[in-house]
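Trainee: Chains as they are written, first to last, in this note's numbering: chain A, 3 to 357; chain B, 3 to 357.
I should point out that these hints are in silico values taken from the structure, not numbers from a laboratory. Accuracy of the hints is not assured; some may be wrong.
[As the list claims (entries may be wrong)] To give a feel for the contact side, a few chain B residues facing chain A, derived at Cβ under 7 Å: (1) PHE69; (2) LEU167; (3) SER313.
All C-beta atoms, glycine included, are put in the ideal place defined by N, C-alpha and C.
Protein chains: 2
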Amino acid sequence: MNFTTSDKISVQKIEKSRINEVDFDNLTFGKDFSDHMFECDYINGEWVHPTIRPYGPLTISPAAKVFHYGQAVFEGMKAYKDANGKVFLFRPDQNHARINKSAKRMAIPEFPKDIFFEALHKLIDLDRDWVKPGNGNSLYIRPFVMATQEGVSASPSDQYKFMILLSPVNAYYTGDVKVVVAEEYSRSANGGVGAAKAAGNYGAQFYPTNLAREKGFQQVIWTDANEHKYLEEAGTMNVFFRINDTLYTAPTSDRILDGITRKSVIALAKKDNIPVEERPILVSEIVEASKNGTLKEIFGAGTAAVISPVSTFNYKDVTYELPPTAGGYSTKFKKELTDIQYNISEDPFGWRYEV
Amino acid sequence: MNFTTSDKISVQKIEKSRINEVDFDNLTFGKDFSDHMFECDYINGEWVHPTIRPYGPLTISPAAKVFHYGQAVFEGMKAYKDANGKVFLFRPDQNHARINKSAKRMAIPEFPKDIFFEALHKLIDLDRDWVKPGNGNSLYIRPFVMATQEGVSASPSDQYKFMILLSPVNAYYTGDVKVVVAEEYSRSANGGVGAAKAAGNYGAQFYPTNLAREKGFQQVIWTDANEHKYLEEAGTMNVFFRINDTLYTAPTSDRILDGITRKSVIALAKKDNIPVEERPILVSEIVEASKNGTLKEIFGAGTAAVISPVSTFNYKDVTYELPPTAGGYSTKFKKELTDIQYNISEDPFGWRYEV
Chain A
3 MNFTTSDKIS VQKIEKSRIN EVDFDNLTFG KDFSDHMFEC DYINGEWVHP
53 TIRPYGPLTI SPAAKVFHYG QAVFEGMKAY KDANGKVFLF RPDQNHARIN
103 KSAKRMAIPE FPKDIFFEAL HKLIDLDRDW VKPGNGNSLY IRPFVMATQE
153 GVSASPSDQY KFMILLSPVN AYYTGDVKVV VAEEYSRSAN GGVGAAKAAG
203 NYGAQFYPTN LAREKGFQQV IWTDANEHKY LEEAGTMNVF FRINDTLYTA
253 PTSDRILDGI TRKSVIALAK KDNIPVEERP ILVSEIVEAS KNGTLKEIFG
303 AGTAAVISPV STFNYKDVTY ELPPTAGGYS TKFKKELTDI QYNISEDPFG
353 WRYEV
Chain B
3 MNFTTSDKIS VQKIEKSRIN EVDFDNLTFG KDFSDHMFEC DYINGEWVHP
53 TIRPYGPLTI SPAAKVFHYG QAVFEGMKAY KDANGKVFLF RPDQNHARIN
103 KSAKRMAIPE FPKDIFFEAL HKLIDLDRDW VKPGNGNSLY IRPFVMATQE
153 GVSASPSDQY KFMILLSPVN AYYTGDVKVV VAEEYSRSAN GGVGAAKAAG
203 NYGAQFYPTN LAREKGFQQV IWTDANEHKY LEEAGTMNVF FRINDTLYTA
253 PTSDRILDGI TRKSVIALAK KDNIPVEERP ILVSEIVEAS KNGTLKEIFG
303 AGTAAVISPV STFNYKDVTY ELPPTAGGYS TKFKKELTDI QYNISEDPFG
353 WRYEV
């Protein structure tokens, strides 16, 4: 891959910002986009023409392979602004490594690290005013790659487009999250693409999630496809369970996303001498722990949601209530994470990255 | 869904056909497209603006959900021309039913049958000269639906685009097909989307198929994700096994596509008093049958490939040779199917549909 920062990013700036058209206090997640976007094409075996230009529509063949074969992967990141107006990313090296891991599984060429970072720097610098300070406010960053070759034969594309979009957001979930444990539908299997942020993994969850919503649940906690006995992840979040004072979460595998918030929670827990076990977790263990009062908390962890406490879970049409979360691990980890992200606390792990 | 044929399809014809630019004797599958295409948008809960216009690029938001969440499904059909210039489809009602079944699993609204058929009629009528006669020649038809709402939150789109593209093709596979039986990677699981023609199912197969190709195999026969003990399908084809004079194929399930060529082969076999068993097939049965000489044939069945005989299969690094196919079931079914498709034989099942 002959591609280094010597291939300059060309920049075409907007003539007039749209920033005053946006109500930053009442944002719908992922609906508004900043003034600029980044794109870079893969043609003849090379990433070429890195460009920042005004956010706007693409011109693309209706036979582009992404439409037909779902050959696409993405990442989710956020930029946070501190009280002095400095802007930080959170562990962006992890997002770069993961989009390339996802890309490999989907037969998509890897994207060079230097251009990934140069694009983030230049793009966020141009749209710095779109990052609003204040806990919960951030600029959501969506890098993605899609197959653009024109052709309806089921084989890997020879052309791709890598893009970065920026979307100002408030907090992702509001209020209590009620979840249902999957008994019929499944998200991924051994040997599949569950560990990749592959586009199709998400669309595949919409129908069973709709069924759950009709019954009053916001999210599904997926279980193993084979027996529905083990708890896996929630599709847009990894899931943690606290029994007594120990934290449990499913181990990463080719079925489960290696979440950056997940691994950060584990690191924080270890620093704080909280016992953490990464091991397969039976649904029956959690039901039993709920019944005998040792299940203290369930929470989701992900970039969009940060830490999302679960108020009830449903399994086989029985609803189990969780105790109130105040003072629990979820509150503690959310504060520790966001204090690092917003440059309020020290950063003992070196996770902050100024842009 | 307030949508009937009273909503007329608006037609914008090309000014000059591109048909003379195409070498119809040397087509690459799915690379060339006819003069016109059909599109119809789903907005505010209705399918609106059915339009035929010159084949060409779309203008679409980079935040369209199809790029991020793979919410897209498709179909594969063919139009065949007989010696008198009449054009036929093969069981198009099945394609319509299946795209809606796929759509439901991917939380996509169903597409009305009357417009599906009216669009096919009008589109193929306009591009009739692109259907070339002669066995193996056909006009491949690609209906598909994709999520077009602008937004990077992982939830179902509220806007969609349904399209039909036409691509002139010759035969899909040439020569012997060597396959490898999957031992590590998997295509689908119980409760997943394997039975849907969901875009992401195909992109997910590219990487393991690339690994197989590097070892000299053209296709992977997928096995159950749990134990890799049972033979399922080949991703773009269902698979049949002949042991002695009995034909075996895996039963349809939520892991296996309900193939139209598959069900047509089963109907032809029953008509011809060939015993057919639809049941789970162990890899070990096929290996044993190969060793003791009772395994006579393996062949794939699908719209693109029609019937595709397998010359060797590889399992756990051992290659098993199949006997020559001349005079076998694959030759017989391919002739019976294509004779019906090209209006050469009687059509006892009523499968032909003139357009």
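Trainee: Does each hint fit the structure? Answer for all of them.
Mentor: A quick look at each hint next to the structure:
The interface hint given for PHE69 (chain B) holds, since its Cβ lies 5 Å from the closest Cβ of chain A, which is under the 7 Å cut-off. The closest approach between the C-beta of LEU167 (chain B) and any C-beta of chain A is roughly 6 Å, which is under the 7 Å cut-off, so the hint is satisfied. About 20 Å separates the beta-carbon of SER313 (chain B) from the nearest beta-carbon of chain A, more than 7 Å, and the hint is not met.
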